[in-house]
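Sequences and hints are given; from them, build the entire structure.
Protein chains in written order, with my numbering: chain S, 7 to 300; chain U, 7 to 300; chain F, 17 to 233; chain W, 17 to 233.
A hint or two may mislead.
As the list claims (entries may be wrong) - Cβ pair distances, simulated, as ranges: (1) F/PHE86 x S/LYS26: 50 to 56 Å; (2) S/SER272 x F/ILE75: 56 to 62 Å; (3) W/GLY30 x U/LYS297: 57 to 63 Å.
What the hints assert, rightly or not - Once the Cα atoms are required to be at most 27 Å apart in a straight line, the calculated DSSO-like pairs of lysine-lysine come out as: (4) U/LYS176 x U/LYS85; (5) U/LYS65 x U/LYS213; (6) F/LYS28 x W/LYS28; (7) S/LYS206 x U/LYS176; (8) F/LYS28 x S/LYS10; (9) W/LYS31 x F/LYS104; (10) F/LYS104 x W/LYS94; (11) S/LYS26 x F/LYS104; (12) S/LYS10 x S/LYS65; (13) U/LYS297 x S/LYS26; (14) F/LYS31 x W/LYS31.
Derived from the structure by calculation, the hints contain no laboratory data. All values reported here derive from a predicted model rather than from experimental measurement. Ideal placement from N, C-alpha and C gives every residue a C-beta, glycine not left out.
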Amino acid sequence: MIDKIIYLVLEGLKNILRNKGTSFISLFLLSISIFTISMIIVANDNTQKVLQYFRGKYKIEVFFKDNISDQRATSLVSKIRKISGVRTATLIKKEDALRIFKDQFDEDILKVLGYNPLPVSAVVNLSRTKKSGIKIDQIIRNIKSVGSIEKVIYQGSLIKKIEKNYLRFKNKIPYLVGFMILINILLIVNTIRLSLVSRKQLINNLKLIGASKTFILTPFMIEGILISIFSFIFVTPLLIGTVEGFNYLVLNFSSFKAQIELDFTSIMWFYLLVMVITVLSSYRTASSFLKIKA
Amino acid sequence: MIDKIIYLVLEGLKNILRNKGTSFISLFLLSISIFTISMIIVANDNTQKVLQYFRGKYKIEVFFKDNISDQRATSLVSKIRKISGVRTATLIKKEDALRIFKDQFDEDILKVLGYNPLPVSAVVNLSRTKKSGIKIDQIIRNIKSVGSIEKVIYQGSLIKKIEKNYLRFKNKIPYLVGFMILINILLIVNTIRLSLVSRKQLINNLKLIGASKTFILTPFMIEGILISIFSFIFVTPLLIGTVEGFNYLVLNFSSFKAQIELDFTSIMWFYLLVMVITVLSSYRTASSFLKIKA
Amino acid sequence: MIEFKDISFSYKKGKGVTNLNLKLGDGEFNFLIGPTGSGKTTLMRLIYFDLVPDSGTLIVNGFKSKNLSFSKTSKVRKEIGMVFQDYKLLNDRNVYDNISLPLYVLGYPKNQIYDRVDESLELVGLQNKKHHFPDELSGGEQQRASLARAIIKEPSLILADEPTGNLDPVASFELVRLLETINETGTTILMATHNYSLIKGRGLPIYEIKDGTLKQR
Amino acid sequence: MIEFKDISFSYKKGKGVTNLNLKLGDGEFNFLIGPTGSGKTTLMRLIYFDLVPDSGTLIVNGFKSKNLSFSKTSKVRKEIGMVFQDYKLLNDRNVYDNISLPLYVLGYPKNQIYDRVDESLELVGLQNKKHHFPDELSGGEQQRASLARAIIKEPSLILADEPTGNLDPVASFELVRLLETINETGTTILMATHNYSLIKGRGLPIYEIKDGTLKQR
Ligand SMILES: Nc1ncnc2c1ncn2[C@@H]1O[C@H](COP(=O)(O)OP(=O)(O)OP(=O)(O)O)[C@@H](O)[C@H]1O
Ligand SMILES: Nc1ncnc2c1ncn2[C@@H]1O[C@H](COP(=O)(O)OP(=O)(O)OP(=O)(O)O)[C@@H](O)[C@H]1O
Ligand SMILES: [Mg+2]
Ligand SMILES: [Mg+2]
Numbered sequence: 007m008i009d010k011i012i013y014l015v016l017e018g019l020k021n022i023l024r025n026k027g028t029s030f031i032s033l034f035l036l037s038i039s040i041f042t043i044s045m046i047i048v049a050n051d052n053t054q055k056v057l058q059y060f061r062g063k064y065k066i067e068v069f070f071k072d073n074i075s076d077q078r079a080t081s082l083v084s085k086i087r088k089i090s091g092v093r094t095a096t097l098i099k100k101e102d103a104l105r106i107f108k109d110q111f112d113e114d115i116l117k118v119l120g121y122n123p124l125p126v127s128a129v130v131n132l133s134r135t136k137k138s139g140i141k142i143d144q145i146i147r148n149i150k151s152v153g154s155i156e157k158v159i160y161q162g163s164l165i166k167k168i169e170k171n172y173l174r175f176k177n178k179i180p181y182l183v184g185f186m187i188l189i190n191i192l193l194i195v196n197t198i199r200l201s202l203v204s205r206k207q208l209i210n211n212l213k214l215i216g217a218s219k220t221f222i223l224t225p226f227m228i229e230g231i232l233i234s235i236f237s238f239i240f241v242t243p244l245l246i247g248t249v250e251g252f253n254y255l256v257l258n259f260s261s262f263k264a265q266i267e268l269d270f271t272s273i274m275w276f277y278l279l280v281m282v283i284t285v286l287s288s289y290r291t292a293s294s295f296l297k298i299k300a
Numbered sequence: 007m008i009d010k011i012i013y014l015v016l017e018g019l020k021n022i023l024r025n026k027g028t029s030f031i032s033l034f035l036l037s038i039s040i041f042t043i044s045m046i047i048v049a050n051d052n053t054q055k056v057l058q059y060f061r062g063k064y065k066i067e068v069f070f071k072d073n074i075s076d077q078r079a080t081s082l083v084s085k086i087r088k089i090s091g092v093r094t095a096t097l098i099k100k101e102d103a104l105r106i107f108k109d110q111f112d113e114d115i116l117k118v119l120g121y122n123p124l125p126v127s128a129v130v131n132l133s134r135t136k137k138s139g140i141k142i143d144q145i146i147r148n149i150k151s152v153g154s155i156e157k158v159i160y161q162g163s164l165i166k167k168i169e170k171n172y173l174r175f176k177n178k179i180p181y182l183v184g185f186m187i188l189i190n191i192l193l194i195v196n197t198i199r200l201s202l203v204s205r206k207q208l209i210n211n212l213k214l215i216g217a218s219k220t221f222i223l224t225p226f227m228i229e230g231i232l233i234s235i236f237s238f239i240f241v242t243p244l245l246i247g248t249v250e251g252f253n254y255l256v257l258n259f260s261s262f263k264a265q266i267e268l269d270f271t272s273i274m275w276f277y278l279l280v281m282v283i284t285v286l287s288s289y290r291t292a293s294s295f296l297k298i299k300a
Numbered sequence: 017m018i019e020f021k022d023i024s025f026s027y028k029k030g031k032g033v034t035n036l037n038l039k040l041g042d043g044e045f046n047f048l049i050g051p052t053g054s055g056k057t058t059l060m061r062l063i064y065f066d067l068v069p070d071s072g073t074l075i076v077n078g079f080k081s082k083n084l085s086f087s088k089t090s091k092v093r094k095e096i097g098m099v100f101q102d103y104k105l106l107n108d109r110n111v112y113d114n115i116s117l118p119l120y121v122l123g124y125p126k127n128q129i130y131d132r133v134d135e136s137l138e139l140v141g142l143q144n145k146k147h148h149f150p151d152e153l154s155g156g157e158q159q160r161a162s163l164a165r166a167i168i169k170e171p172s173l174i175l176a177d178e179p180t181g182n183l184d185p186v187a188s189f190e191l192v193r194l195l196e197t198i199n200e201t202g203t204t205i206l207m208a209t210h211n212y213s214l215i216k217g218r219g220l221p222i223y224e225i226k227d228g229t230l231k232q233r
Numbered sequence: 017m018i019e020f021k022d023i024s025f026s027y028k029k030g031k032g033v034t035n036l037n038l039k040l041g042d043g044e045f046n047f048l049i050g051p052t053g054s055g056k057t058t059l060m061r062l063i064y065f066d067l068v069p070d071s072g073t074l075i076v077n078g079f080k081s082k083n084l085s086f087s088k089t090s091k092v093r094k095e096i097g098m099v100f101q102d103y104k105l106l107n108d109r110n111v112y113d114n115i116s117l118p119l120y121v122l123g124y125p126k127n128q129i130y131d132r133v134d135e136s137l138e139l140v141g142l143q144n145k146k147h148h149f150p151d152e153l154s155g156g157e158q159q160r161a162s163l164a165r166a167i168i169k170e171p172s173l174i175l176a177d178e179p180t181g182n183l184d185p186v187a188s189f190e191l192v193r194l195l196e197t198i199n200e201t202g203t204t205i206l207m208a209t210h211n212y213s214l215i216k217g218r219g220l221p222i223y224e225i226k227d228g229t230l231k232q233r
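Shown next as structure tokens:
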């Protein structure tokens, strides 16, 4: 029995070596397909991070009414801080505003005008970690409802667009991944079928000798498993390389500072899924092939 | 003789139909590879355009000395305009500056200060069409040498980086394309070899019957040609779709306004090259296969 | 035991066998003769359940050739050793691997397999061709390798379809002698052949098939 | 004309033929006999340049079996019709396509091909199997299809390697008769066989090969 098992495993390995061409091509195709899906997974994992980056850069400026006292402003700012979706809110007093203006425009308005025309304001940063999209309009409305506010300025459309499109994209990910997995299965099925066709003679012989279904199918399943393991070995460095390369490009060619990351846990789960799919579809394809002639 | 030719062409077609699996996989692989190279071609074609876009956005602000007359400033600006790498240079008189400041900061400095503190300046746009990289430092130095200039302000590092990296990338394109074409050839060779292996019996028979090399090889070459034509039919819409999709993304997700274009002439030339490579490598692979046993 | 009751079968493209009635008892040695294209191979394929009769009842070693499942078919075939007319050797394996295959299927331990292969190769006289591939054998040697593969698992039934077609008279004679020896240990044998002079005068039953119908000679 | 002068050849795994001397004149009909594994097929493969002799001179229809190029080999083979011991029919083509292949190679026009195929199928008695695939033929029918493919191009030399192995006595007899008829039109024929009784008493030269050496009988 043990000899039989060793024999079958060795057969699976020999199958690969005997048909180097087919094995190479199926390895290649499987790798491409695994790579693509992995990249989708990485993209999905990192969109959140990119969004956080954008949210982090995004500022809302709140200008208070002219007659407000510093004390009241402080209490209003602490109210703003409690609004859902707000990360920080920093009070900018009249003096601070003057200093900032001087830094930015190199012009001392106080000296020129004799008084400080700049209002008390606050800079509001958005929460980075919220998983659901941030509803800017809602936050603005909440801020305004705090009271004593002259006007609220925000860069507006860009982050709104990004949040909206991210949600739209997120809804489509399941379809995209489903589609890719379908292609994956098609590829594996086609590969196994090619492999079966090229071993028609062997399969026919085994059937005539009275081999059981398991005996005939096991080597093909082992072949499928080995090929998927090889493609994991092949794809993983490629994945790491792509992510690093992308980060390098982003760092060097754009003002964008976020770095994407490879989450090995999700990749591992995905690999496991590929394995299961391979085994199942090898089995199905091979056994449907056996049925052609009872 | 005509019957022989028809026979061979039909054989090529039948080869494809008889081995649907192999044909499908080779079609798939070839398409991927053609698609990738085409994208590199598109990228290369469009980098120039992207650079132009950046150069178009890039402005140098030149501030003249305080005491300069409008007349002299005009003559200096026309000098600047003649510097190589400069597209336009627009004079901004003191009054214009005042108006622009008012537009931007909503503050009438003249009213506040009682005089116009803003200097005469000029906005310099860079040439978009220069094929060689633009040397910013050189241009700045040339502008400064015009005389009566207080200071020159430019956003500096970004475009310099882009220009530099573009040149670096451009130098690597030949290697990249060469590498992809190598992979392309490997794929075609492997496909043809698979196809040959699956028709070993036929080839052996033909040899034993005394068929000439041409007779044996022609169907394989026709098969190769047909498969590459099919992949052209398959890849072309994909290419168009990708370019359009990319443009859509750029338009919707970034502030970047340039659109990339598909240059059908270079794609056509590339397709022709693929065809030639296919025919040559089919021929070489098939005839090397014939040599195994004289 | 093999029993044909009114068996008819025809291929999609016509021809086949009609109304076969035949009973082969356990341990018997029967011959099947008939001109080329008369249905000898068809009859054998019916026995190892490669073809399913259109009508009639066929029982092989207690299994009915009806509602065949994969496992039923494989059970029946495990008990049968077949020498195919076209040998059906695997071209990508050498003689040793070809002949040992049935033993792996039956789950023999490796050391036993090795001994058995040697033994049966000696029986058919191919001991020094163990590492040859099929296309490195002469026609007759391939035929004998096919015989070795059939007898190695000591089946209860041997079906030999024209096993002497590529053998010279001496080798043919020896082959029949070998089958007779095997038959003496209780194995049922059915051998199809064109070589009437080889089998006559042995006192063994000879069935003749002609245009798909059977009669005893 | 075929001329063997001191031809020796051995396979990588040993065995082969040694010191063959043989002269077959144009239009002759010769038989080659010998026990299984004696070298008959090897001798034939040497003639159609599938094997190259290790030493000695071999001339076939004026071509020397030396420094073979693809075009030289193909020229020689165009003149030879071969019946292979294992038939070598293409499994994915029907009988018509298999048999017409040599004519396409020779560049015959299509209508002529059609007529010729019909004619040669009738000669071997397979007229109603035209659309069968090889695995839909009996062993003997495959063998005759192989013969039809060999004679269809009316070659100047026919090499028939054990062409009656799967034929019954009547069909074998008819096959030799057919070859004799073809021989009468001037075709040189060399036929290897085990069936001594079939060929004896025809007054045709018989060569015997044993362990790789040749003698006339
Ligand atoms: N798969 C098939 N489809 C259609 N016809 C077939 C098929 N297999 C065999 N035949 C036909 O059935 C008839 C009987 O074939 P079978 O192989 O049983 O003959 P046989 O007695 O074994 O002949 P031989 O001695 O030549 O091997 C033949 O005429 C053959 O052409
Ligand atoms: N490719 C090969 N490599 C090694 N040995 C071979 C090869 N082909 C044949 N032989 C050996 O050469 C010897 C002669 O083979 P050949 O095929 O010529 O015999 P034959 O006379 O045709 O026999 P048969 O009547 O059985 O067909 C045999 O012992 C065979 O094992
Ligand atoms: Mg038969
Ligand atoms: Mg031989």
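So, going through the hints one by one against the coordinates:
1. F/PHE86 x S/LYS26: 50 to 56 Å: 31 Å, violated
2. S/SER272 x F/ILE75: 56 to 62 Å: 59 Å, holds
3. W/GLY30 x U/LYS297: 57 to 63 Å: 25 Å, violated
4. U/LYS176 x U/LYS85: 33 Å, violated
5. U/LYS65 x U/LYS213: Violated - the C-alpha atoms of U/LYS213 and U/LYS65 are around 72 Å apart, more than 27 Å.
6. F/LYS28 x W/LYS28: Not OK: F/LYS28 and W/LYS28 at ~46 Å, beyond 27 Å, violated.
7. S/LYS206 x U/LYS176: 50 Å, violated
8. F/LYS28 x S/LYS10: With Cα atoms ~39 Å apart, F/LYS28 and S/LYS10 exceed 27 Å; violated.
9. W/LYS31 x F/LYS104: Holds, at about 24 Å.
10. F/LYS104 x W/LYS94: With a Cα-Cα distance of about 30 Å, the restraint between F/LYS104 and W/LYS94 is violated, given a limit of 27 Å.
11. S/LYS26 x F/LYS104: Satisfied, since the Cα-Cα distance of roughly 24 Å is no more than 27 Å.
12. S/LYS10 x S/LYS65: 69 Å, violated
13. U/LYS297 x S/LYS26: Status holds; Cα separation ~20 Å.
14. F/LYS31 x W/LYS31: It is violated: about 44 Å lies between the C-alpha atoms, which goes past 27 Å.
Comparing the model with each earlier hint shows violations of hints 1, 3, 4, 5, 6, 7, 8, 10, 12 and 14; every other hint is respected.
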